[in-house]
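Asker: What follows is the residue order along each chain.
Number of protein chains: 2
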Amino acid sequence: MDINPQSAVPLYFQIEQDLAASIAAGEIAPGGRLPSEEELIQKYNVSRTTVRKAIQELERLELIEIRRGKGTYVREAKITQELTALTGFVEDMAAIGMQPSAKLLGTWTISAGEEIARQLRLPIGTEVVQIKRVRMADNVSISLDETYLPLPLGLKIIENDLEIYPIFSLLEEKYDTPLLEADYRIEAISADPFVAKMLEVDEKAPILLIERTSYSLDQKPVDYEKLFYRGDKIRFTTRLSRRAAPFSIDSIKPPAIIAPKDNL
Amino acid sequence: MDINPQSAVPLYFQIEQDLAASIAAGEIAPGGRLPSEEELIQKYNVSRTTVRKAIQELERLELIEIRRGKGTYVREAKITQELTALTGFVEDMAAIGMQPSAKLLGTWTISAGEEIARQLRLPIGTEVVQIKRVRMADNVSISLDETYLPLPLGLKIIENDLEIYPIFSLLEEKYDTPLLEADYRIEAISADPFVAKMLEVDEKAPILLIERTSYSLDQKPVDYEKLFYRGDKIRFTTRLSRRAAPFSIDSIKPPAIIAPKDNL
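Protein chains in written order, with our numbering: chain V, 1 to 264; chain G, 1 to 264.
Hints listed in this document are in silico derivations from the structure and should not be mistaken for laboratory results.
Computed from a predicted model, the values in this text were never measured in an experiment.
All residues carry an ideal CB built from backbone N, CA and C; glycine is no exception.
Among these hints, one or two may not hold up.
[Said to hold, decoys possible] List time: in silico DSS-like cross-link candidates among lysine-lysine, alpha-carbon distance up to 30 Å:
hint, chain 1, residue 1, chain 2, residue 2
1, G, Lys43, V, Lys197
2, V, Lys132, G, Lys233
3, V, Lys78, G, Lys204
4, V, Lys78, G, Lys132
5, V, Lys204, G, Lys197
6, G, Lys197, V, Lys103
7, G, Lys197, V, Lys233
8, G, Lys233, V, Lys233
9, V, Lys204, G, Lys156
10, G, Lys204, V, Lys226
11, V, Lys204, G, Lys220
12, V, Lys233, G, Lys174
13, V, Lys204, G, Lys78
14, G, Lys43, V, Lys78
15, V, Lys78, G, Lys233
16, V, Lys78, G, Lys78
17, V, Lys204, G, Lys226
18, V, Lys233, G, Lys43
19, G, Lys174, V, Lys204
20, G, Lys43, G, Lys70
21, G, Lys226, V, Lys226
22, G, Lys233, V, Lys156
23, G, Lys43, V, Lys226
24, G, Lys132, V, Lys226
25, G, Lys204, V, Lys53
26, G, Lys204, V, Lys132
[To be verified] Ranges between beta-carbon positions, derived for each pair:
hint, chain 1, residue 1, chain 2, residue 2, range
27, V, Ala94, G, Thr49, 42 to 50 Å
28, G, Pro152, V, Lys103, 50 to 58 Å
29, V, Asn45, G, Arg33, 54 to 62 Å
30, G, Lys43, V, Gly71, 28 to 36 Å
31, G, Gln99, V, Leu155, 43 to 51 Å
32, V, Gln219, G, Pro123, 46 to 54 Å
33, V, Gln219, G, Glu62, 27 to 35 Å
34, V, Arg67, G, Pro123, 30 to 38 Å
35, G, Arg52, V, Gly125, 20 to 28 Å
36, V, Gly125, G, Gln219, 50 to 58 Å
[What the hints assert, rightly or not] The following residues of chain G were derived to be distant from chain V, with all beta-carbon distances above 12 Å:
hint, residue
37, Glu37
38, Ile55
39, Pro150
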């Protein structure tokens, strides 16, 4: 695309569109570096202000990221993962052709606080097994997983190499605990210092937190997890059907307008 | 609970547990103010360092929030909303007994960029209608909604009072466009300056972004939305069933260990 200074379309927007088209066409690949400000000024024959405005807009659209002191890069696409069935990380990565791996941070026996106790339906203070792992896809850290298991099952699980064997597979195939379903709770939070360090992101970086409680065939909660996903690395998709609207538009009343007092 | 300085349990943890119990029991209500540092030092007869450590832990657990210069408050519980069917904001709030309202920021006719064009299956550059609203529950801002509609339908929709009538209801009941289903894409991002201002949160605050493309009965995309939810205000829940694991544990091979060269 040629930049046209006579056009009614602002110059920065023409440049923004041109760069966006190059990115969409793959001429600058994900992870690739954009030309420098100087180069763009030369190429388009415009002012620095105009180039900066175009770059800012591309950043706002999340097409690029500015790494301070390093340059401007095309964003890697987020991993897109279906949220339609209870699956573990290894299964999820296999489904999209990425190589999963795990780093075990440690295993502990802890006394269940209020939330863990509620999720596993145990009295507060009951001992449970806690496992912390960083999960990676093609060697990039994607999530920090905290797993809480009831004691007898948990003690058996942690005898295995948890950098290799998925906990779901161990539960289902080795310890005769097939899973039926799970409750998911999904929210956006800021990375606290520990999460930030483990996932190699800035403190307060956006994290997609999934809390998941998995149930065995007899509806007993057997695995409670907190999965801290890097917000810049992952996106979940699902398809939901419409059910009949619970009310009719005719039932919606505009707020009463305060009528002028009757003057009669 | 009495604080026991002789206990093996660290003092800060005893205080943390005591305050957490008060919060759980509702003795300090959501939105309520915790006693000041001075008051806690007096109450528990411990050092300032100990009180501060307890407070920090409660903040890390997201039970409280420290508002600089104002004090420490019990966090309001997040709104918990089901993510199991295609529903609009007004339906969602009605389902949990909250009063929905909306502030219309404006409506525009814009030329569809790459993403909007793809979602609505239109050529890039096609004119579409853009609607921006802030959605509120019980008068608190919950989400910023950007809606994109194909032109003819969109021009009809914006003739209505969009602070009162839900777009889904208008589509389905007034414009003969019943919805069948929608694709959801869910991710965590940081608030950009515009989103932060509209939702009254700090820049870079965590945002749960839902992009949603709704389809009419003939599978045509009729409504593409970007819903920027305040991360501190909402949580989505769903229940997913297990389907058979796609591989057996026996197929997982530990990484090959590099064998020492045969010395023969």
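Asker: Now tell me, hint by hint, if it's right for this structure.
Answerer: Structure-based check of each hint:
no., hint, verdict
1, G:Lys43 with V:Lys197, "36 Å, violated"
2, V:Lys132 with G:Lys233, "27 Å, holds"
3, V:Lys78 with G:Lys204, "19 Å, holds"
4, V:Lys78 with G:Lys132, "26 Å, holds"
5, V:Lys204 with G:Lys197, "18 Å, holds"
6, G:Lys197 with V:Lys103, "39 Å, violated"
7, G:Lys197 with V:Lys233, "25 Å, holds"
8, G:Lys233 with V:Lys233, "23 Å, holds"
9, V:Lys204 with G:Lys156, "42 Å, violated"
10, G:Lys204 with V:Lys226, "23 Å, holds"
11, V:Lys204 with G:Lys220, "39 Å, violated"
12, V:Lys233 with G:Lys174, "40 Å, violated"
13, V:Lys204 with G:Lys78, "19 Å, holds"
14, G:Lys43 with V:Lys78, "50 Å, violated"
15, V:Lys78 with G:Lys233, "24 Å, holds"
16, V:Lys78 with G:Lys78, "26 Å, holds"
17, V:Lys204 with G:Lys226, "23 Å, holds"
18, V:Lys233 with G:Lys43, "46 Å, violated"
19, G:Lys174 with V:Lys204, "44 Å, violated"
20, G:Lys43 with G:Lys70, "20 Å, holds"
21, G:Lys226 with V:Lys226, "26 Å, holds"
22, G:Lys233 with V:Lys156, "38 Å, violated"
23, G:Lys43 with V:Lys226, "34 Å, violated"
24, G:Lys132 with V:Lys226, "34 Å, violated"
25, G:Lys204 with V:Lys53, "20 Å, holds"
26, G:Lys204 with V:Lys132, "27 Å, holds"
27, V:Ala94 with G:Thr49: 42 to 50 Å, "49 Å, holds"
28, G:Pro152 with V:Lys103: 50 to 58 Å, "54 Å, holds"
29, V:Asn45 with G:Arg33: 54 to 62 Å, "60 Å, holds"
30, G:Lys43 with V:Gly71: 28 to 36 Å, "54 Å, violated"
31, G:Gln99 with V:Leu155: 43 to 51 Å, "49 Å, holds"
32, V:Gln219 with G:Pro123: 46 to 54 Å, "51 Å, holds"
33, V:Gln219 with G:Glu62: 27 to 35 Å, "28 Å, holds"
34, V:Arg67 with G:Pro123: 30 to 38 Å, "34 Å, holds"
35, G:Arg52 with V:Gly125: 20 to 28 Å, "25 Å, holds"
36, V:Gly125 with G:Gln219: 50 to 58 Å, "54 Å, holds"
37, Glu37, "22 Å, holds"
38, Ile55, "15 Å, holds"
39, Pro150, "18 Å, holds"
In summary, the numbered hints that this structure violates are 1, 6, 9, 11, 12, 14, 18, 19, 22, 23, 24 and 30.
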